[in-house]
Amino acid sequence: MLAAQSTPDKEFEQLIVAFCCNWCSYAGADLAGTARRSYPANIKIIRVPCSCRVNPTFILRAFLRGADGVIIAGCHPGDCHYTSGNYFARRRMTLLMSMLSFLGVDKARLRVEWVSAAEGNKFAEVMTSFAETIKALGENVKLRDLRCKK
Amino acid sequence: MQKIEQLIKEKARDLLAAGQVTSVIAWQKGEMFYDNAPGYFDNTEELDALVYNAFCAANLSKYLIANTKKDEKTAVFLKPCDTYSLNQLIKDRRVQREQVLVIGIPCAGMVDINKVKAQGLKGIIGITEDGDNLTVETAYGTKQVARAEVLLNKCLACKGSAYAVSDETIGEPMAVKHAPYDRFAVVKELESLSPQERFAFWQEELSKCIRCNACRDICPACSCEQCLFDNPESPLAGKANNNSAEEQLFHIIRAYHVAGRCTDCGECSRVCPQGIRLDLLNRKFIKDINEFYGDYQAGADADTNAPLLSFDVDDVEPGAATKGRE
Ligand code: SF4
Ligand code: SF4
Ligand code: FES
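Chains as they are written, first to last, in the working numbering: chain A, 1 to 150; chain B, 1001 to 1326.
Read the hints as simulated data drawn from the structure, not as lab findings.
Keep in mind that a hint or two might mislead.
[Stated by the list, open to error] Some chain B residues well away from chain A (every beta-carbon gap over 12 Å; in silico): (1) Lys1029; (2) Phe1033; (3) Asn1067; (4) Arg1094; (5) Gly1126; (6) Val1145; (7) Ile1170; (8) Glu1172; (9) Met1174; (10) Asp1182; (11) Ala1185; (12) Gln1248.
[What the hints assert, rightly or not] Derived coverage of chain B by chain A (criterion: at least 3 residues anywhere in the stretch with Cβ under 8 Å from a Cβ of chain A; other residues may be distant): (13) 1073–1084; (14) 1154–1163; (15) 1194–1201.
Computed from a predicted structure; not experimentally measured.
Note that the Cβ used here is the ideal one computed from N, Cα and C, for glycine as well.
Assemble the whole structure, with the sequences as input and the hints as a guide.
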């Protein structure tokens, strides 16, 4: 188990899934693009109408299907397009993160960030730093092995 | 309990005979004296099979979901802890309150037959109750056992003798007596381990699962008409003890789906044939909810908002508040 956690010899190709709210961070990603700010290419963005659209099962399933890290980006608290979606999302994600940690999965593999449509730079920074974190953590095998006692 | 059983039978008989209710949900004799099952009674002749003793742990509230869909009134006998589950079902709009006559019945704590056997008793024929003491009749003579020693685990976290919802009650309240018990003790212990140790613990524990789905089926908070684990189109369905990745998430999803609605009735852990500590997952969520958003007991009332259906602008940020050691 410990061995599987350490970075393998060959260059580790991490896969990151980013759930981005249409009204803020998705637009922030656009802005980062037009401003020619680069962010890692192995981040796959999935556009959602609001951060609260992200069912915790989506995240678990992303991990299961091979994601090494999952990030949810929504509007800043108080700025949700639907008034309060991100407040509900915040509670859900807090509990999910705490549970993953309880199961022994590094909680750093899941991140929640508030990024507005005007924050192209912040978007690029957040994604770059998240990619670095995941690179340091290495491949995610734990969730896939939770019930496979070797 | 003998007396209570008599009172329950009389009450059920009166209700059915007078046509006040169409059916009664209570417990009926099982194959063995210790495996009483939920019972559905719709005429007075059947009532001889009705029982109430230390082996009536089954929480009857969930059976009301099916029953209140019919256009009839049902009477149900609920122990104090069971009333929390019913209240949660009412809150989740799964049970129609007007169609249920809730009769609260006292409970002195339910008994775990395996704990009785573990006292070194063989050839057990029957058990008679005398308050805090049980007389166990075996093929080799009788023996006294203290009820407190053989209570079901779930009864160690008893919520008390008050009913969260009831129309009528029968008998005097009883107290469940046992040594002090911290229901979060093991959760705290796990939190203090390293992530690797925690992972090893859960891998060991969850690998025992045979995916019988009993934990889901028994749970009064698990009340969806169509469960995602039964949907063949869902990438999460699966029943056999298979090692595929899809199977890995069952326990997390089950516990998450009842987070904020789980009353900690303990039924899931009680029925798990593999003895998996599902209560630890539920209690982790309960403990987090209490610590992050303030103490909350699901089912204590039928009208306040559940923790995941409400928020506070000053809530903690995800990740900032994780308990466990990193
Ligand atoms: S999850 Fe378990 S303890 Fe919680 S309500 Fe369901 S059966 Fe009861
Ligand atoms: S009752 Fe136990 S064995 Fe059955 S599905 Fe639930 S955890 Fe698995
Ligand atoms: S619309 Fe962006 S978080 Fe709700």
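Going down the list of hints, with the structure as the test:
The Cβ of Lys1029(B) lies farther than 12 Å from every Cβ of chain A, with a closest approach of about 37 Å, so its non-interface assignment holds. With a closest Cβ-Cβ approach of about 36 Å to chain A, Phe1033(B) is found to remain outside the 12 Å limit, as its non-interface label requires. Once the 12 Å rule is applied to beta carbons, Asn1067(B) is consistent with being away from chain A; the minimum gap is 30 Å. With a minimum CB-CB distance of about 20 Å to chain A, Arg1094(B) clears the 12 Å threshold, and the non-interface call stands.
Distance check on Gly1126(B): its Cβ is at least 40 Å (rounded) from any Cβ of chain A, clearing the 12 Å threshold; non-interface status holds. The beta carbon of Val1145(B) is kept farther than 12 Å from every beta carbon of chain A, the shortest such distance being approximately 36 Å. At the 12 Å boundary, the C-beta of Ile1170(B) stays outside the reach of chain A, the nearest C-beta of that chain being 39 Å off. Residue placement check: Glu1172(B) keeps its beta carbon more than 12 Å from all beta carbons of chain A (closest about 40 Å).
In this structure Met1174(B) is separated from chain A by more than 12 Å, as the shortest Cβ-Cβ distance comes to about 35 Å. With a minimum CB-CB distance of about 17 Å to chain A, Asp1182(B) clears the 12 Å threshold, and the non-interface call stands. The beta carbon of Ala1185(B) sits about 15 Å from the closest Cβ of chain A, which is more than 12 Å, so the claim that it is off the interface holds. For Gln1248(B), the shortest C-beta to C-beta distance to chain A comes to about 5 Å, within the 12 Å cut-off, and the non-interface label is violated.
Counting residues of the segment 1073–1084 of chain B whose beta carbon lies closer than 8 Å to any beta carbon of chain A gives 0, which falls below the threshold of three, so the coverage claim is violated. Restraint check on the segment 1154–1163 of chain B versus chain A: 0 residues with Cβ-Cβ distances below 8 Å, three needed, restraint violated. With a cut-off of 8 Å between beta carbons, the segment 1194–1201 of chain B has 7 residues touching chain A; three or more are needed, and the interface restraint holds.
Violated hints, listed in ascending order, are 12, 13 and 14; each of the other numbered hints is respected by the structure.
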